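Required output: the full structure, derived from the provided sequences and hints.
Number of protein chains: 2
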Amino acid sequence: MEDLFNPSSVALVGVRGEQLSVGFNALLNLVHHSYQGRIYPVTPRHEELLGMPCYPDLASLPEVPDLVMILVNHRRAVDVLEACGSMGIKNAVIVAGGYKEYGEGRELEVRIKGICQKYGIRLVGPNTLGFANVKGGVWPFFWHMKTKPGSVALLSQSGGVGLTVAHLLYEEGVGLSKWIGVGNRTVLEFADYMEYLVTDHETRTVGLFVEGTEDGRRFFQASRRLAAVKPVAVYKVGEAEEVDRAAQTHTGSLAGSKSVYSGAFRQAGVVEASSPRELAIALKSLDMLPLPGGNRLCLLTFTAGPSIVAMDKLLSLGWKIPSLSDGAREEIYRIIGEKTPVDIDNPVDMTGPGFLPEVYAPVARLLLKEPFDAYLFFWGFNPNVRIPVEELLILKGDTKKPVVMVLLGVGSREVEEERERLQERGIPVFFTPEDGARALGFLLARRRLMEVRGWLT
Amino acid sequence: MEDLFNPSSVALVGVRGEQLSVGFNALLNLVHHSYQGRIYPVTPRHEELLGMPCYPDLASLPEVPDLVMILVNHRRAVDVLEACGSMGIKNAVIVAGGYKEYGEGRELEVRIKGICQKYGIRLVGPNTLGFANVKGGVWPFFWHMKTKPGSVALLSQSGGVGLTVAHLLYEEGVGLSKWIGVGNRTVLEFADYMEYLVTDHETRTVGLFVEGTEDGRRFFQASRRLAAVKPVAVYKVGEAEEVDRAAQTHTGSLAGSKSVYSGAFRQAGVVEASSPRELAIALKSLDMLPLPGGNRLCLLTFTAGPSIVAMDKLLSLGWKIPSLSDGAREEIYRIIGEKTPVDIDNPVDMTGPGFLPEVYAPVARLLLKEPFDAYLFFWGFNPNVRIPVEELLILKGDTKKPVVMVLLGVGSREVEEERERLQERGIPVFFTPEDGARALGFLLARRRLMEVRGWLT
Numbered sequence: 001m002e003d004l005f006n007p008s009s010v011a012l013v014g015v016r017g018e019q020l021s022v023g024f025n026a027l028l029n030l031v032h033h034s035y036q037g038r039i040y041p042v043t044p045r046h047e048e049l050l051g052m053p054c055y056p057d058l059a060s061l062p063e064v065p066d067l068v069m070i071l072v073n074h075r076r077a078v079d080v081l082e083a084c085g086s087m088g089i090k091n092a093v094i095v096a097g098g099y100k101e102y103g104e105g106r107e108l109e110v111r112i113k114g115i116c117q118k119y120g121i122r123l124v125g126p127n128t129l130g131f132a133n134v135k136g137g138v139w140p141f142f143w144h145m146k147t148k149p150g151s152v153a154l155l156s157q158s159g160g161v162g163l164t165v166a167h168l169l170y171e172e173g174v175g176l177s178k179w180i181g182v183g184n185r186t187v188l189e190f191a192d193y194m195e196y197l198v199t200d201h202e203t204r205t206v207g208l209f210v211e212g213t214e215d216g217r218r219f220f221q222a223s224r225r226l227a228a229v230k231p232v233a234v235y236k237v238g239e240a241e242e243v244d245r246a247a248q249t250h251t252g253s254l255a256g257s258k259s260v261y262s263g264a265f266r267q268a269g270v271v272e273a274s275s276p277r278e279l280a281i282a283l284k285s286l287d288m289l290p291l292p293g294g295n296r297l298c299l300l301t302f303t304a305g306p307s308i309v310a311m312d313k314l315l316s317l318g319w320k321i322p323s324l325s326d327g328a329r330e331e332i333y334r335i336i337g338e339k340t341p342v343d344i345d346n347p348v349d350m351t352g353p354g355f356l357p358e359v360y361a362p363v364a365r366l367l368l369k370e371p372f373d374a375y376l377f378f379w380g381f382n383p384n385v386r387i388p389v390e391e392l393l394i395l396k397g398d399t400k401k402p403v404v405m406v407l408l409g410v411g412s413r414e415v416e417e418e419r420e421r422l423q424e425r426g427i428p429v430f431f432t433p434e435d436g437a438r439a440l441g442f443l444l445a446r447r448r449l450m451e452v453r454g455w456l457t
Numbered sequence: 001m002e003d004l005f006n007p008s009s010v011a012l013v014g015v016r017g018e019q020l021s022v023g024f025n026a027l028l029n030l031v032h033h034s035y036q037g038r039i040y041p042v043t044p045r046h047e048e049l050l051g052m053p054c055y056p057d058l059a060s061l062p063e064v065p066d067l068v069m070i071l072v073n074h075r076r077a078v079d080v081l082e083a084c085g086s087m088g089i090k091n092a093v094i095v096a097g098g099y100k101e102y103g104e105g106r107e108l109e110v111r112i113k114g115i116c117q118k119y120g121i122r123l124v125g126p127n128t129l130g131f132a133n134v135k136g137g138v139w140p141f142f143w144h145m146k147t148k149p150g151s152v153a154l155l156s157q158s159g160g161v162g163l164t165v166a167h168l169l170y171e172e173g174v175g176l177s178k179w180i181g182v183g184n185r186t187v188l189e190f191a192d193y194m195e196y197l198v199t200d201h202e203t204r205t206v207g208l209f210v211e212g213t214e215d216g217r218r219f220f221q222a223s224r225r226l227a228a229v230k231p232v233a234v235y236k237v238g239e240a241e242e243v244d245r246a247a248q249t250h251t252g253s254l255a256g257s258k259s260v261y262s263g264a265f266r267q268a269g270v271v272e273a274s275s276p277r278e279l280a281i282a283l284k285s286l287d288m289l290p291l292p293g294g295n296r297l298c299l300l301t302f303t304a305g306p307s308i309v310a311m312d313k314l315l316s317l318g319w320k321i322p323s324l325s326d327g328a329r330e331e332i333y334r335i336i337g338e339k340t341p342v343d344i345d346n347p348v349d350m351t352g353p354g355f356l357p358e359v360y361a362p363v364a365r366l367l368l369k370e371p372f373d374a375y376l377f378f379w380g381f382n383p384n385v386r387i388p389v390e391e392l393l394i395l396k397g398d399t400k401k402p403v404v405m406v407l408l409g410v411g412s413r414e415v416e417e418e419r420e421r422l423q424e425r426g427i428p429v430f431f432t433p434e435d436g437a438r439a440l441g442f443l444l445a446r447r448r449l450m451e452v453r454g455w456l457t
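Taken in sequence, the protein lines are chains A and B. For what it's worth, UniProt numbering labels the leading residue of the first sequence as 1, then goes sequentially. For what it's worth, UniProt numbering labels the leading residue of the second sequence as 1, then goes sequentially.
Source of the hints: derived by calculation from the structure; they are not laboratory data. On a predicted model such as this, the values are computed, not experimentally measured, just so you know. Fair warning: there could be bad hints in the mix.
[To be verified] Beta-carbon label-pair distances, calculated as ranges: (1) A:394 to B:216: 46 to 54 Å; (2) A:175 to B:137: 36 to 44 Å; (3) B:83 to A:333: 30 to 38 Å; (4) B:330 to A:420: 47 to 55 Å.
No residue lacks a Cβ here, since even glycine has one placed at the ideal position from N, Cα and C.
Given below as structure tokens:
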């Protein structure tokens with residue numbers, strides 16, 4: 001698969017000059033994301049595009065390209081694929097839809113499969129936006145996606161949902177290693193990509209959006225192999241029965257019973273999210289945080305309500321919130337001042353004194369030494385009060401335990417710099433208590449699955 | 001209550017000059033939000049603050065102020081309140097905490113209640129950030145809140161959660177009429193505020209964050225009276241039993257059984273959210289959209305996956321997604337071109353042709369005339385393709401049915417202007433399929449509650 005994701009040359013068959021065409025956008029994406037290999041636009045309609053010479057057909061190319069992106073309609077794509085095979089081309093993307101998800105296209109898809117088997121072609125799609133090797137700068141991909149290089153690989157059975165999750169991750173400050181629109185999975189299945197990702201050094205964490213798959217056994221075996229070495233999170237659509245029909249007319253796959261899938265995901269060691277946003281939160285959490293040693297959580301705040309909201313979710317996600325030791329309690333009173341009218345326990349609510357960084361930081365230091373397995377820190381944003389970023393980064397340097405930060409009453413626009421500094425050093429930042437709680441929930445879920453599977457060493 | 005929310009004069013007792021002090025921030029908020037009445041800083045420590053003369057005590061004021069914000073500690077606040085009463089002051093806010101939520105403070109709170117009863121004082125708090133009459137420009141409020149004037153009133157038993165919801169609403173492009181931190185509710189209870197909001201012309205929609213209340217009967221009677229005339233959405237914390245204890249040490253209230261509350265909310269005609277973000281989505285939906293005539297929903301898209309995700313949620317929320325009429329189907333094929341390899345039904349997935357505004361808009365026009373009760377429109381963002389905002393606004397002008405827009409792979413940063421134009425004209429915009437689905441879910445929930453209560457005329 002290395003040739004597929006890092007080709008030395010890419011040919012685009014059926015590319016056009018119209019700004020709104022699929023082909024032109026694929027060409028733009030390759031150029032704008034600084035593809036370092038050779039690009040061959042293949043079309044008899046143009047002499048050149050974006051300053052590159054065009055070739056009338058595949059046979060005219062000066063070399064056999066590593067990858068061909070096929071941009072013609074669903075009928076012609078089959079013939080182009082046959083031509084690719086006979087030339088010895090081993091990697092292809094078919095963008096067009098209209099195959100097994102569409103009455104008369106079923107037979108065409110059978111032919112596609114036959115051609116790929118005959119020539120040993122690795123085919124992405126059909127019915128896909130393509131893929132983006134974001135880390136490597138290879139974008140055979142015909143739509144717009146705002147992202148940055150990172151270590152999360154995203155496999156999506158839907159372009160729209162995949163783009164939604166990628167954008168949510170971008171807004172959460174999380175980058176991608178690869179984005180793959182698996183489409184109809186006529187040849188390359190989820191399992192193939194997952195097997196590749198087991199050893200892909202660019203990828204630390206894997207996310208899946210799944211409508212359904214026919215080859216359940218292979219799918220779950222590959223999931224399990226991957227989840228044994230890297231965190232895998234999935235969002236599987238299908239709460240409602242009627243969704244099956246819609247999924248079938250989309251990528252031609254049966255959604256299948258949700259509960260059967262959920263059980264199998266657990267067996268495979270894969271954590272499950274229930275919406276695109278939850279999938280983004282799961283991936284952010286699993287990508288940024290170390291696993292906790294157990295389920296004892298400490299919450300630190302100077303505004304109680306959000307910690308209660310988080311606590312409410314955390315308890316149902318399996319976290320325990322043990323009381324503080326008497327020693328810690330006394331020590332905290334000493335720092336915040338005995339006169340403050342507040343009962344100190346866990347969640348540790350310092351009230352007013354807590355919004356002074358010189359109080360917040362020593363209390364955080366003290367708590368990080370107490371026997372907890374993870375920490376959820378809250379901070380209420382006020383433009384006149386400095387967020388104790390420096391202090392938290394110093395403290396974080398002394399501990400291997402997971403720390404999550406929730407900033408309240410603010411968004412990434414206002415605290416982009418602070419968030420980036422915290423996240424670069426492994427403290428994920430969220431803007432609602434429930435997102436912070438969910439992030440910790442997915443982390444504990446991953447730990448427990450690894451425990452049960454015997455994957456913790 | 002008019003004097004409380006629109007006072008002609010506000011005295012701030014215990015204000016200080018230190019930039020980080022609670023009192024100084026309250027003073028800044030009044031000034032920065034252009035309070036049009038008279039402001040009296042009351043403190044013996046300063047001669048003047050922000051160019052305003054200070055008064056050493058309440059007795060020195062040139063008039064009896066309409067409202068006093070009491071910024072001193074929890075013990076001294078009781079004496080100041082007594083002084084207010086004896087002067088004939090009828091409205092007060094006590095900011096300090098340390099009362100019924102804190103062992104030795106319980107007796108102080110009993111005294112506060114007695115003083116207010118004796119003098120007929122309407123008291124906000126104690127243990128609160130204060131309140132903000134955002135529409136009227138009156139901010140006796142000591143923290144930072146980014147918001148804009150609008151028609152949603154937010155009552156919150158927690159400052160931090162209330163700020164979180166306010167900021168989520170701000171990011172969703174939704175403004176506030178009033179923000180009220182109810183705190184310990186020693187005198188003014190949820191019920192008092194809700195009774196006032198029944199006839200508050202600035203408020204169209206009401207949101208509540210509730211930890212718990214002791215006077216359940218009155219609370220639910222007031223909720224029901226309010227919900228009969230305005231949409232009310234609540235987020236009640238308390239999924240986990242242990243949360244009770246934490247809520248008690250926060251605002252001294254019992255969280256109580258979640259299921260008891262949920263049943264009572266339904267009885268009262270109040271829709272229920274399960275997180276701060278869901279509350280924001282419920283409020284946005286209920287504030288911007290007309291009620292649907294029934295539960296027949298139509299989805300329009302050119303990228304199927306997100307519509308499947310939304311559909312999955314929508315079906316479990318009570319929406320039906322009926323098939324298209326043969327006539328509509330034929331008409332759509334005529335517009336998008338017969339050759340497009342796609343099965344047209346509901347969700348209407350136009351695939352490729354749909355991203356041309358000149359295809360999208362006429363299909364939308366056609367569907368708006370079909371017998372559906374509400375619409376969920378998807379658009380996949382691409383900076384090179386114009387979102388058909390103009391067209392949708394024209395179509396929206398011809399229908400009274402609710403229309404929700406989901407923009408995929410983008411956020412408000414990139415499409416702020418387009419979003420504002422759509423939202424100003426009553427088409428709420430969301431950035432994930434699940435948020436769009438939830439918005440419609442809350443809308444149908446509201447309609448059904450009104451139906452059952454006999455409130456639909």
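Practice problem: Indicate whether the distance between the beta carbons of residue 83 of chain B and residue 333 of chain A respects the range 30 to 38 Å. | Solution: 32 Å, holds
Quiz prompt | Range hint 47 to 55 Å (beta carbons of residue 330 of chain B and residue 420 of chain A) holds or violated | solution = For residue 330 of chain B and residue 420 of chain A the Cβ distance comes to about 53 Å; the hint holds.
Exercise. Mind checking the hinted window 36 to 44 Å against the Cβ distance between residue 175 of chain A and residue 137 of chain B?
Key: Since residue 175 of chain A and residue 137 of chain B have Cβ atoms about 43 Å apart, the given range 36 to 44 Å holds.
Self-check item: residue 394 of chain A versus residue 216 of chain B beta-carbon gap, inside 46 to 54 Å or not
Solution: Cβ of residue 394 of chain A to Cβ of residue 216 of chain B: about 48 Å, so the range 46 to 54 Å holds.
In terms of the numbered hints stated before, the structure departs from none.
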